[in-house]
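Visitor: Residue numbers (our numbering), protein chains in the order written: chain A, 1 to 457; chain X, 1 to 403.
These are calculated hints, taken from the structure and not from any lab test.
Mixed in with the good hints there might be a few duds.
Restricting the straight-line Cα-Cα distance to at most 25 Å, the calculated cross-link-like pairs of lysine to any residue (SDA-like) are [what the hints assert, rightly or not]:
no., chain 1, residue 1, chain 2, residue 2
1, X, Lys192, A, Arg65
2, X, Lys218, A, Gly338
3, A, Lys30, X, Arg94
4, X, Lys124, X, Glu40
5, X, Lys192, A, Leu406
6, A, Lys30, X, Lys192
7, X, Lys218, A, Asp133
8, X, Lys192, A, Asp133
9, X, Lys218, A, Gly66
10, X, Lys124, A, Ser31
Take a look, some chain X residues computed to stay more than 12 Å from chain A by CB distance [said to hold, decoys possible]:
no., residue
11, Ala35
12, Glu46
13, Arg72
14, Asp157
15, Pro224
16, Asp272
17, Tyr340
18, Glu357
19, Asp361
Even for Gly, the Cβ is constructed at its ideal location relative to N, Cα and C.
Next come the chains, spelled out residue by residue.
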Amino acid sequence: MTERPKKQVILAAYFPGVNNTTVWTDPRSKSQIEFDSFVHLAQTAERGKLDFFFLAEGLRLREQRGQIHDLDVVGRPDTLTVLAAIASVTTHLGVAGTLNATFREPYELARQLATLDHLSDGRAAWNVVTSSDAFTGENFRRGGYLAHADRYRRAAEFVATARELWDAWSDDEVIADPERGQFVRSDSPGWFEHRGSQFDIAGNFNVPRSPQGHPVVLQAGDSNDGREFAASSADIIFSRHSELSAAQAFYTDVKNRLAKYGRSRDELKVLPGVSFVLGVTAADATERAHVIRRQQVSPQTAILLLEQLWNRDLSGYDADGPLPDIDPDPSAASIINGRAPMFPDPLKTAAEWRAVAEAKGLSIRELIIERTGRQTFIGTPAHVAQAIDDFVQTDGSDGFVLAPHLTPTGLDEFVDQVVPLLQERGVLRTEYTTSTLRGHLGLPPATRWRELSRASA
Amino acid sequence: MTTEHVHLAVALDGAGFHPAAWRHPSASPDAIFTAGYWAELAATAERGRIDFLTIEDSFGLQSSQLAGPDGRTDHVRGRLDATVLAARLAPLTRHIGLVPTAVTTHTEPFHIASAIATLDYVSKGRAGWRPQVSWRVSEAQHVGRRQLPDISPTSDDPAARTLVTDLFDEAADSVEVVRRLWDSWEDDAIIKDEATGRYVDRDRLHYVDFEGRFFSVKGPSIVPRPPQGNPLVAALAHSRIPLEFAARSADVVFVTPSGAGDVPNWVGQVRDAERSVGRAGAPLKILADLVVFLDESETAAADRKHRLDELDGDELRTDASVFVGTPEALAAQLNAWQSYGIDGFRLRPGVLPHDLEQIVDRLVPALQRRGTFRTEYGDETLRERLGLARPASRYATALEDAS
Numbered sequence: 001m002t003e004r005p006k007k008q009v010i011l012a013a014y015f016p017g018v019n020n021t022t023v024w025t026d027p028r029s030k031s032q033i034e035f036d037s038f039v040h041l042a043q044t045a046e047r048g049k050l051d052f053f054f055l056a057e058g059l060r061l062r063e064q065r066g067q068i069h070d071l072d073v074v075g076r077p078d079t080l081t082v083l084a085a086i087a088s089v090t091t092h093l094g095v096a097g098t099l100n101a102t103f104r105e106p107y108e109l110a111r112q113l114a115t116l117d118h119l120s121d122g123r124a125a126w127n128v129v130t131s132s133d134a135f136t137g138e139n140f141r142r143g144g145y146l147a148h149a150d151r152y153r154r155a156a157e158f159v160a161t162a163r164e165l166w167d168a169w170s171d172d173e174v175i176a177d178p179e180r181g182q183f184v185r186s187d188s189p190g191w192f193e194h195r196g197s198q199f200d201i202a203g204n205f206n207v208p209r210s211p212q213g214h215p216v217v218l219q220a221g222d223s224n225d226g227r228e229f230a231a232s233s234a235d236i237i238f239s240r241h242s243e244l245s246a247a248q249a250f251y252t253d254v255k256n257r258l259a260k261y262g263r264s265r266d267e268l269k270v271l272p273g274v275s276f277v278l279g280v281t282a283a284d285a286t287e288r289a290h291v292i293r294r295q296q297v298s299p300q301t302a303i304l305l306l307e308q309l310w311n312r313d314l315s316g317y318d319a320d321g322p323l324p325d326i327d328p329d330p331s332a333a334s335i336i337n338g339r340a341p342m343f344p345d346p347l348k349t350a351a352e353w354r355a356v357a358e359a360k361g362l363s364i365r366e367l368i369i370e371r372t373g374r375q376t377f378i379g380t381p382a383h384v385a386q387a388i389d390d391f392v393q394t395d396g397s398d399g400f401v402l403a404p405h406l407t408p409t410g411l412d413e414f415v416d417q418v419v420p421l422l423q424e425r426g427v428l429r430t431e432y433t434t435s436t437l438r439g440h441l442g443l444p445p446a447t448r449w450r451e452l453s454r455a456s457a
Numbered sequence: 001m002t003t004e005h006v007h008l009a010v011a012l013d014g015a016g017f018h019p020a021a022w023r024h025p026s027a028s029p030d031a032i033f034t035a036g037y038w039a040e041l042a043a044t045a046e047r048g049r050i051d052f053l054t055i056e057d058s059f060g061l062q063s064s065q066l067a068g069p070d071g072r073t074d075h076v077r078g079r080l081d082a083t084v085l086a087a088r089l090a091p092l093t094r095h096i097g098l099v100p101t102a103v104t105t106h107t108e109p110f111h112i113a114s115a116i117a118t119l120d121y122v123s124k125g126r127a128g129w130r131p132q133v134s135w136r137v138s139e140a141q142h143v144g145r146r147q148l149p150d151i152s153p154t155s156d157d158p159a160a161r162t163l164v165t166d167l168f169d170e171a172a173d174s175v176e177v178v179r180r181l182w183d184s185w186e187d188d189a190i191i192k193d194e195a196t197g198r199y200v201d202r203d204r205l206h207y208v209d210f211e212g213r214f215f216s217v218k219g220p221s222i223v224p225r226p227p228q229g230n231p232l233v234a235a236l237a238h239s240r241i242p243l244e245f246a247a248r249s250a251d252v253v254f255v256t257p258s259g260a261g262d263v264p265n266w267v268g269q270v271r272d273a274e275r276s277v278g279r280a281g282a283p284l285k286i287l288a289d290l291v292v293f294l295d296e297s298e299t300a301a302a303d304r305k306h307r308l309d310e311l312d313g314d315e316l317r318t319d320a321s322v323f324v325g326t327p328e329a330l331a332a333q334l335n336a337w338q339s340y341g342i343d344g345f346r347l348r349p350g351v352l353p354h355d356l357e358q359i360v361d362r363l364v365p366a367l368q369r370r371g372t373f374r375t376e377y378g379d380e381t382l383r384e385r386l387g388l389a390r391p392a393s394r395y396a397t398a399l400e401d402a403s
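So that you can see chain A by itself, here it is in the shape it has in the complex (with noise of 0.2 Å):
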């Protein structure tokens, strides 16, 4: 039996987000919203040789109880004015955000990206999402409401028809030849015609063909239509597995749908979203761990989450009390807006949780703290670089995307810590070799996309 080479891990940075892992409370916590701090992390990760920086979006504050959520982190900067401000105090690391595509049109977006792919020299990355929830609708002027089914038909013809904005420009296309005073070589630079349920749009693309052709797709969805998705379309699929075993699961089902779209195995990287807690021992992980929770899950954050599954107004309940005797209640309208709801079987979750309170004699905050959120990696530096070096070579993933509890400094000890290790073990680079991020991440180049596209028309 030969063995195989060690796979290289991908490792992302994510900037901390608007919701309780992201402890604002810690003296060390500096502002959501000041450039200095996507700045640090950012260049934290470009010293680390991390692939990319990662940024989530906003489009609308989230409402709990029909009131604006005020207990985690509010209000966020625009995704994709961080990232090309990002791409000016870093030269190596990719610069990945979030972009909705039910509230953009493929024209404006697909320019948009195009321009950050030519500002960064090639290192620009899109993670599509769709909506389909008229909450956040009501602050555009498309307004909201997308059926379900139709969310991935419409992310499908969006990238499709991006993609086709972005070939729209062929590579020799500006010739800028002031001898013979030709700039471009056609008369329709960027023609492209597209007629399709979604999207029925022609004429010139803006925007000449980018370093990268086309900025790397991420796309995050556990749901059949998610993966397949995934499969047929994107360069990376994020995962919520985290767990070893559930996530090799995923890793080789997302894997498999890729023959039949005329792609190899390498063409799709799986990243599940991680957190880590450091320490010097075991012992003291375990503990630092045990503090942030607690940092995370205020008593009144225990209600909020709580009312989550409960889908009720639990405000009368004390946090370091026992759980309420009544039931979720599944079919009210939900508690929540702005966000995914994230138990799809309310009534079993919570006889589960009972049952563990009671056993363990929890309360409300023990029992959230316990089961929600709790970080992927604990212990000391050694013990975390072989637990990721474990993961990735036991084909759970190809790499993280890390998210640290701290803005701006949660990077700072992984970076100094565990990085060093990793390449001690040659499973993660000493200085960056490549200069796109589809270099970085071993993607082949995108013309692949136009061939794929042509072999299954």
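Based on these hints, arrange chain X on the given structure of chain A.
Guide: Just chain X now, kept in the frame of chain A:
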């Protein structure tokens, strides 16, 4: 003779405002789509202590024809998204204002509000926005959501007037929504109150509840109130309808007098427009647009422009007055125009970087010698540089009035 300081902006677009500019020896036509090209232009402008730079944009190819693409291969075609480009320039500059163009006709006001507010954060108070309408049928077909009538907006057809009125009414609604969103977080909304576990005081966040003919937007903004409160809004206006749009919506208006004698006429039109829309607050800052070709002698400048015209096969046609001559003569002209009641100028370099370098290295010193231009930047925001106060949030004010 006036001793008021003049405000100077520069307009950046492609290789400059002459269609053959990219063929000039100083041009770098193969670099127009790189960050380095724009970074160098911005650094040059900042070296000249220029107030702010503007960046052109559009939802389609550049064209010499009003109607749409012109099929010409001998002009610069293709352009980068101006707001993304401005954001890329922000960390590379420290003082100069950054005012990208963003089209209102085919975009979401919510996205524009977030992007410009964020530009204000990444530039630490130097952001602006030039709203622009798009009436080209070809550009509407790039988006596919609305049918625009196939008429020239400059024609006498009454339908043309309706089209232009509607597009600028929509632009005014867009600016109104954007300004409301910028105000929707009071300045002190983030409280980080550990005792109650609250990150924000939600009583200091406000729905904007805008409902208009073209769209409705709920709010509040996703981005906290930007450093300037409201970043600068600047509009170009050639006629009554856009002048009234500027008077309703903008802080700065760019106008296009044809000569010194025409300046009072434009100032009068701006003030009329302000009266007719009932503008409250500070009057518009008026900047006159000029296309400039600058060399050490008038002959050299004229020869250079003439060669470019010959290369292009036609004399430069433009909406703004064209100045051809020495930087020293331009300094005298700017001060003369200024004395008729305008606040400054937006200079459109005929050729980049040549005419920008002439502005920075010779025009600016000439104005400084005349005592009419700053010699250093301070720590001011873009609004402060233009003498505009930082507005209080309209929602905060309403609350105080009610109490």
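Visitor: For every hint, state whether the structure bears it out.
Guide: How the hints compare with the structure:
| no. | hint | in the structure |
| --- | --- | --- |
| 1 | Lys192(X) to Arg65(A) | holds (21 Å) |
| 2 | Lys218(X) to Gly338(A) | holds (13 Å) |
| 3 | Lys30(A) to Arg94(X) | holds (22 Å) |
| 4 | Lys124(X) to Glu40(X) | holds (20 Å) |
| 5 | Lys192(X) to Leu406(A) | holds (15 Å) |
| 6 | Lys30(A) to Lys192(X) | holds (11 Å) |
| 7 | Lys218(X) to Asp133(A) | holds (14 Å) |
| 8 | Lys192(X) to Asp133(A) | violated (29 Å) |
| 9 | Lys218(X) to Gly66(A) | holds (14 Å) |
| 10 | Lys124(X) to Ser31(A) | holds (14 Å) |
| 11 | Ala35 | violated (5 Å) |
| 12 | Glu46 | holds (14 Å) |
| 13 | Arg72 | violated (7 Å) |
| 14 | Asp157 | holds (24 Å) |
| 15 | Pro224 | violated (5 Å) |
| 16 | Asp272 | holds (32 Å) |
| 17 | Tyr340 | holds (38 Å) |
| 18 | Glu357 | holds (19 Å) |
| 19 | Asp361 | holds (24 Å) |
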